[in-house]
Structures are given as C-alpha cells and as structure tokens.
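S.K.: Now for the letters of each chain:
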Amino acid sequence: MTQMQTPPDVVATPEAAREPVIEMRDISITFGAVRALDGVSVRLFPGEVHALMGENGAGKSTLIKALTGVYSIDSGVITISGERHEFHSPAASQEAGISTVYQEVNLVPNLTVAENMLLGREPRRLGAINVREMNRRARRTLLHLGIDVDPRSVLDEHPIAVQQLVAIARAVDVEAKVLILDEPTSSLDADEVEKLFTVMRRLRDEGVAIVFVSHFLDQIYEIADRMTILRNGRLVEERLVSETSQLELVRLMIGRELEVLDRLDRAAPQTDAEEGTPLLTAVGLGRKNTLEATDLTLYEGEVVGIAGLLGSGRTELARLLFGADTADTGELTFRSERRKLRSPRHAIDRKIAFSSEDRKAEGVVGDLTVADNMLLALQASRGWLRPIPQATRTQLVDDYIQALDIRPADPQALMRNLSGGNQQKVLLARWLITQPEILILDEPTRGIDIGAKAQIQAKVAELAAQGMSVVFISAELEEVLRLSDRLVVMRDRRKIDERVNDDVSVRDVLETIAGEARAEEAPHD
Amino acid sequence: MSTATVSPASTWDRVRTFTPPGRYLPLIATLALFIGLFGVGGMRYDGLSDPQVLISLLIDNAFLIVLGVGMTFVILTGGIDLSVGSVVALSTMIAAKTLQMGWSPYLSIAAVLLTGTVLGLLMGLLIHYFDIQPFIATLAGLFLARGLTYLISVESISINDPTFTSLAFKTVYLGDYYVRWTAIIALATVAVAAFVLARTRFGRTVYAIGGNESSAMLMGLRVAFTKVGVYVISGFCAALAGLLFALYILSGNSLHAIGMELDAIAAVVIGGTLLTGGRGYVVGSLLGVLVLGIIKTLISFDGTLSSYWIRIITGVLLLAFVVVQRFATRRRS
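Chains as they are written, first to last, in this note's numbering: chain P, 1 to 525; chain S, 1001 to 1333.
In short, the hints are calculated from the structure, not lab data.
Please read all numbers here as calculations on a predicted model, not as lab measurements.
A portion of the hints provided could be inaccurate.
One-sided excerpt, in silico: chain S residues whose CB lies under 8 Å from chain P [as the list claims (entries may be wrong)]: (1) G1036; (2) T1200; (3) M1219; (4) V1323; (5) R1326.
Simulated restraints, written as ranges between beta carbons of each label pair [stated by the list, open to error]: (6) S:A1224 x P:T290: 56 to 64 Å; (7) S:I1055 x P:N130: 30 to 38 Å; (8) P:H144 x S:I1055: 49 to 57 Å; (9) S:G1022 x P:D148: 51 to 59 Å; (10) P:D492 x S:R1014: 32 to 40 Å; (11) S:L1151 x P:N289: 54 to 62 Å; (12) P:A361 x S:A1224: 19 to 27 Å; (13) P:E362 x S:G1022: 24 to 32 Å; (14) P:T198 x S:F1327: 36 to 44 Å; (15) S:M1043 x P:A380: 52 to 60 Å; (16) P:D295 x S:G1022: 46 to 54 Å; (17) P:D205 x S:T1276: 40 to 48 Å; (18) S:I1035 x P:A128: 42 to 50 Å.
Quick reminder that beta carbons are idealized off the backbone N, C-alpha and C, glycines included.
Could you build all of it, start to finish, from the sequences and the hints given here?
M.R.: Set out below in structure tokens:
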C-alpha cells in the first residue's frame, strides 16, 4: 500500500542531482557455511541520517564491519565518492573518511579526553607530541559539538554517556564523510539521547552522512531521514522514514504478519498473586554506596517489574537478591528460613536464578556450544562428579531450543556465532533448565530484536502463570509495564514506590520518578 | 572554564586544598615511602644522611633501574617479561667470552645489545602473532637464555679488558661527590623512556593497549608494532642492564642474576605501575628500585639483621602496594 505523497523536506533536493557519498553494491560475506550477507546494496547520501534496520542476525553488524574494514567482503563493490575501494583494515577505512562509534565505548579509559580524541594523529612538534596543541584542538572540537567536557580530564572519570559523546568527537575530528553509530543509545537515558541527537543534527547539517543503528523505533523516527531494511542477510527495501509507518516498518523487518505483536499485547495475564505464598522476603536489604535499605516481597506466580533509570539501583538490587554482591544490612527470608546470601551458590541452592544484564561478560561463554552453554548452570548445581546423562542432555537441549525458538536450531553451534537475541534465549534456557522458583532477569531484552523480545516476554508470562516468581528489570518502561503484576520504582539507589500494576501508564511512572526529583531539588533553591 | 570564575584564593588555601590527580597517587606514595625510609635511616645511622649514599644507591642499582625501565614498557601494555634476568646473565657471558676471545670491546657491546634485542623481538612476535601468553613466551625465553649462557661456558669468566675496567671504575666528580658512568647511563635511560612514553605516539599507544587493546585496534593505532616493540625494548634494556651488571661485577657467569626479573617486576609494581596495564610511570619504577635499594642499605647499616630480611620486607611492601592500588582503582570505577 504505497500511497503517493509529496516528497518531504529531506529529499527536497532532486535525487538525481545528489551523488551518494558511499555506495555498497551486491555485498556478500560468508562465514563458514553461514551466509551473513547476501547481495546487499546500500546508498549513503551526504547530510542525511540513514537508519539501518533489521532484527538481530539480519546482517546490520556484518554490513557495518564490512564498511569499517573489520571484515573483508567476498563479493560486491564499495565506492566512495565514485571511487572504488577495498578495505582490509580499520585504519584503511578510517583514512577513506569513515568513522565508527560502537555500542560499547571503544576508547581507552586510562587516557585523557583529548588523547582519546586524537590518539594516533596527535599534533607533533619536532617528533614530540604537542600536548598544549592537542588539548586546544580537542577543546575546539568539543566546543563545536556543544559537549561540555574538560579535554584534560581522564576518560573514566566520566559517565558512559559522556564517553560516548567523546567517541563521536573523536570520530568527527578527522572530518569524517561518514559517521557510523552502532547502537550508541542503548545505555543512555532520555536526556543523554537528546544531547546525542543535537550533536548528530549538527553534523548532518554540515553534510556528514550518518549511519544510525538503534532498536528504539521512536528514536529512528525522531532522527533518521532514510532507512535500509535488512532481513536474514538480505536487503528488503530502502525507504524514506517519513513515508513508512511504524507498523509497516516492523512488518518489513520481521517479514511475518503481525501475529507476534498481537502476542506481545497478550503477554501480561495480570494475575493477582498478592495473596499467594511469599517465596522471598527482603527487609531493609542494602549495601554501602550501592543500595539503600530496601524492602521487597516476592510471591509465587507473580512478575515484579523494577522500573528506574540507569544507575537507579535496579541492577544492584537484583545482585543483592542473588548474592552476587553481599548485603551489609537487612535480612532475607526464603519461605520461612532466614538466610544471608554470601555467594550466588547459596542463591542457586535456594532455587533462585539470575540472568545478568551484561550478557557478554557475565553470561555467554562464546567458545562453547549452545548445548554446553545451556547446561552450565544445571551441571554446576549438580556438582562436577555427577555428569548429566547424554540422553537427558540431548532431550533438555532440544526441548528448550524448540520452546524458545533458538536459531540456528543446532545444539552444536558455537555460542559466539549466534545473534544477541538468540544468545539471550540460550541464557534464559540455562536458568530454566535448573527449574528455579525465583527467576531474576536483568535487561533480558536489551539490544535484541522485536521477534525475540516478544518470544522472551511471552515465555516470562507463561512461567509466571505456572507459578514461578519473576523479577523483571528493563530500561524500557513499556515492557516492564506490559509484563509485571506489581511494580517497584527505583531512583537514586532506593525504592521510591511500589504499586500493583492496574494499568499504570508510562507517564505515571515517569512522573513518580520526576516528582521525586523535584521534591529533592526544591530545598536547594 | 570553571577555574576562571573561582574567586582568587590565598596561596595557603590553594596549597591546603590542593589534591594531586588520582593517577599520580601511587607515584607520590612511593616517593613518600622512599623519603621516609631515607629520613628514618638518616636519623638512626650516622653517615646514611650523606648524599653520597643516595648516589651510591644509583650506582649499585644501575642495572636494576635499566631492567625496570624495559619492564615498565611491557607491564604498561598488560604483559610481563620473565626472561630479563636470564638475558642479563647471557649478556655478561657474551661480553666476557667475546672479550676473552679478543674481540674489540665495542664489537662485544654491539653483540650483547643485538642478542638481547633479537631475543626480545622473537618473544614479541611470538606473543603477538601466535597469540601466546606473555607469561609462557617469556618463560620459554628465560630457559632459552639461561641455557645459552651455560652453552657458552659453565665456568665463570672474568673480564679484564682495559676499556671495560676503566669504564667500570672511572668516576665523575660533582663537587665533593662522585658518580659512575653506569649510574649516568641508567638515569639517561630513564629520561629517554619517560620522554618516549609521555610524548611520542608509540608511548601513548603503549598506554592505550594497556587500557583496552581491542579499542586501540579499532582506533586504528599500530597495535602490532607497539606490542612487539615493547618486548624489543625490554630485550634491549635487559642486554644493556647486562652490560652494566658486567661492569659492576666484572665477570660473566651463568649463575648471575638468577631471579633478577622478579626484582625488576617488584620494583615496577612498588613504583605504582598497574600489573593489568595502562597506568604507571617509568619514574615510578626508578623510585621502586631506589626503595628496594634503600631497604638493602638500611639492613646492611644495621648489621644485626640477616640479609633474608630484605626479601621479607620486599614481599610485604609488594603486597601492600598491590592492595593499595586495588583500592585506588576500585574507587575510580
């Protein structure tokens, strides 16, 4: 259903008159037997924000890595300003004017802001780095981008958001023609995203072509002009953002009809489990410099959502509940037994499972197979002297691969070759196999695509319906609200509100958080 | 800038509220420790407060200072070089043997430096291109170099070459005090290394690799060149330290410098360099060597304590510094 519309502002310049700064044609990349990219073409125009859309495993990261010289392409052509290029190293791509900012800040924490911006191209005098000139140049670039940071300060003194901006400042200092932003917003809060967008708009207006990858559709619609949609390593379509509805976009991305999204809406069965047996009661649980004393009760068959901004203490609470950090104050009661949790092992013995927000560092073992990754927790709780019989292993792994729709459905696939969403499902399976009574999920859907997200959410709802108690933590308020029966709101390392989720809206929660802020600021006035 | 808007404070206020940047704290701690030890020693024992004692510290530990410089480069990248003690022994042996064979002393020096550098290069290539852990690769280097030393001669060979002996005993007078060439070479090495680390792209890349190697690579820095480079530097420094040691002891012996790599590592760590890489200064390593040296001097001045106390105190200090660093870095993150 393509309706003809008057072209919006962004394409006011007739397309024929505009040369793409970069054109990638028929790019293919194969890893072993897996075809990661299959004849994909993308055009980037100067002065445009170009969103790269697709589920996890669609080929976005591979495409970006082809452009930045991390991967070599098997076939296809990359032209920059009409000239053919082949990149075999990140340095070659950077020389051609392509700069990249990755999801994880790829800077060095131990050097200053200015050094991080100019490493490898520091101004020199008589062979020595001219520190004064370097700081001056860094300050000028930061000022130009409207970033308020002292270039002489050490990078790790700053929050992630600022580091992210410094990474962008580094990227544009080379007078990049193309700036690639690979999920730069996944760990930023709303204010910080706005700051980032301001910088992006400024660069766009200066004629930089920006490639933007984000899982937040709202952000795409706010900032992007054009988008290329990928699916399973293939090009689906290039579209103007203003001519594509969100629904249509999702359809193009997942390539199925919208049944998944329907499922999403039905995810929360809204059980009233408040009356049930309390599985775990925390009274005054806290830790110095980490979390103020917090009370929390978990009931059977209930999803407790924890809402709060980054750094509000939501992860810290989860880690205390699991014993990953030791609490200084307060006590925990399991059913009726009072216990201190000194290590995750104690928690696992009490049938608590915790899936960390840091999938890469605290979850995935990349060099092991999917099957091994799934069975890790079960094997650990049985002890190494009691191996799991081969038949049980196969059965369990096959069951969960099917139940969670893990792809590729190959138990022997190496974990690191899976997409983020599928890795997350394997981690979920790892804990489900141990049949926990309490399941703590910290950001289980971060950085994964809508399809996998829906499947994980549906599974969570299903588990709660079967009597499991789930603690669900996510930066995405909509998701928390959709899933949870009860809602805990956190801010500044303490619990500020707890309520039954009877159609609480995102706005309500935001106001709770903001209201607290206002009350706090008032006396300072 | 915020400093411009601050109302002018009195000098005292500025002194009182002055807090040095966190990254200099370990360095300052080591300096304070050294001054403290020197002060205490000066009060307890006559003659220790003589500046000549300080200069003698430099002379007696010249080889260890040079060794510490090379080790600092390696540790800053997050690596380790266990081979340096053996390379020192090998260097003394090559020098002694070639001189005995009648080589020109300059040719002999060149042969020593070349051997150390090539060994460092080989280990660096192994570590970077075959992705072998520095610990293992340099442990192999340790055995190899020690073995080569025995291969050349199992017996001690003394050095009688006039150029060497004159270099070893020649003193430079600074007023009432004297210093030997070995100490001057050691200090010059420290100065050059400090400049390279602070003010060259190579030096900053060393820090960047220690901070985050994959970031350094994605930033387009010359990671391979630099990583191999630090082992080349360490190999060269070990050979140079070997020459200084040969001048100090005037013999080549396969039993020289056993365990000296550990002294070098201890000095670097006490000097405030983080074993995980990315933080530290070569001046700190100089101070670390001096702290170890002054402990030795204090114990010999005391006369009643056995020499194994040197080891015990070194161990305690090392532990204390690692713990302090742990706290310092935890506070940051």
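S.K.: Run every hint past the structure and note whether it holds.
M.R.: Against the structure, the hints:
For G1036 (chain S), the interface hint is violated, the least distance from its beta-carbon to any beta-carbon of chain P being 28 Å, above 8 Å. The criterion of a C-beta within 8 Å of any C-beta in chain P is met by T1200 (chain S), whose closest approach is roughly 7 Å, and the hint holds. With 8 Å as the threshold, the beta carbon of M1219 (chain S) comes within range of chain P, its nearest partner Cβ sitting at about 6 Å, so the hint holds. At its closest, the beta carbon of V1323 (chain S) sits 19 Å from a beta carbon of chain P; the interface hint therefore is violated under the 8 Å criterion.
Taken as an interface hint, R1326 (chain S) does not check out: its beta carbon lies about 16 Å from the nearest beta carbon of chain P, beyond 8 Å. Range check, A1224 (chain S) to T290 (chain P): Cβ separation about 41 Å, and the 56 to 64 Å hint is violated. The supplied range of 30 to 38 Å is met by I1055 (chain S) and N130 (chain P), whose beta-carbon atoms lie about 35 Å from each other. Restraint check, H144 (chain P) to I1055 (chain S): a C-beta distance of roughly 52 Å satisfies the suggested window 49 to 57 Å.
Separation of G1022 (chain S) from D148 (chain P) is about 21 Å and departs from the stated range, judged on CB atoms against 51 to 59 Å. In this structure the hint that D492 (chain P) and R1014 (chain S) lie 32 to 40 Å apart at CB holds, the actual value being about 33 Å. Roughly 58 Å separates the CB atoms of L1151 (chain S) and N289 (chain P), a value that falls within the hinted 54 to 62 Å. For the hinted restraint 19 to 27 Å between A361 (chain P) and A1224 (chain S), the CB-CB distance of approximately 26 Å keeps it satisfied.
For the hinted restraint 24 to 32 Å between E362 (chain P) and G1022 (chain S), the CB-CB distance of approximately 27 Å keeps it satisfied. Range check, T198 (chain P) to F1327 (chain S): Cβ separation about 39 Å, and the 36 to 44 Å hint holds. M1043 (chain S) and A380 (chain P) have their C-beta atoms about 58 Å apart, which keeps the hinted 52 to 60 Å range intact. D295 (chain P) and G1022 (chain S) have their C-beta atoms about 37 Å apart, which leaves the hinted 46 to 54 Å range violated.
The hinted window of 40 to 48 Å between D205 (chain P) and T1276 (chain S) holds, with their beta carbons roughly 42 Å apart. Distance hint for I1035 (chain S) and A128 (chain P): a CB-CB separation of about 31 Å, inconsistent with the stated range 42 to 50 Å.
Comparing the model with each numbered hint stated earlier shows that hints 1, 4, 5, 6, 9, 16 and 18 do not hold.
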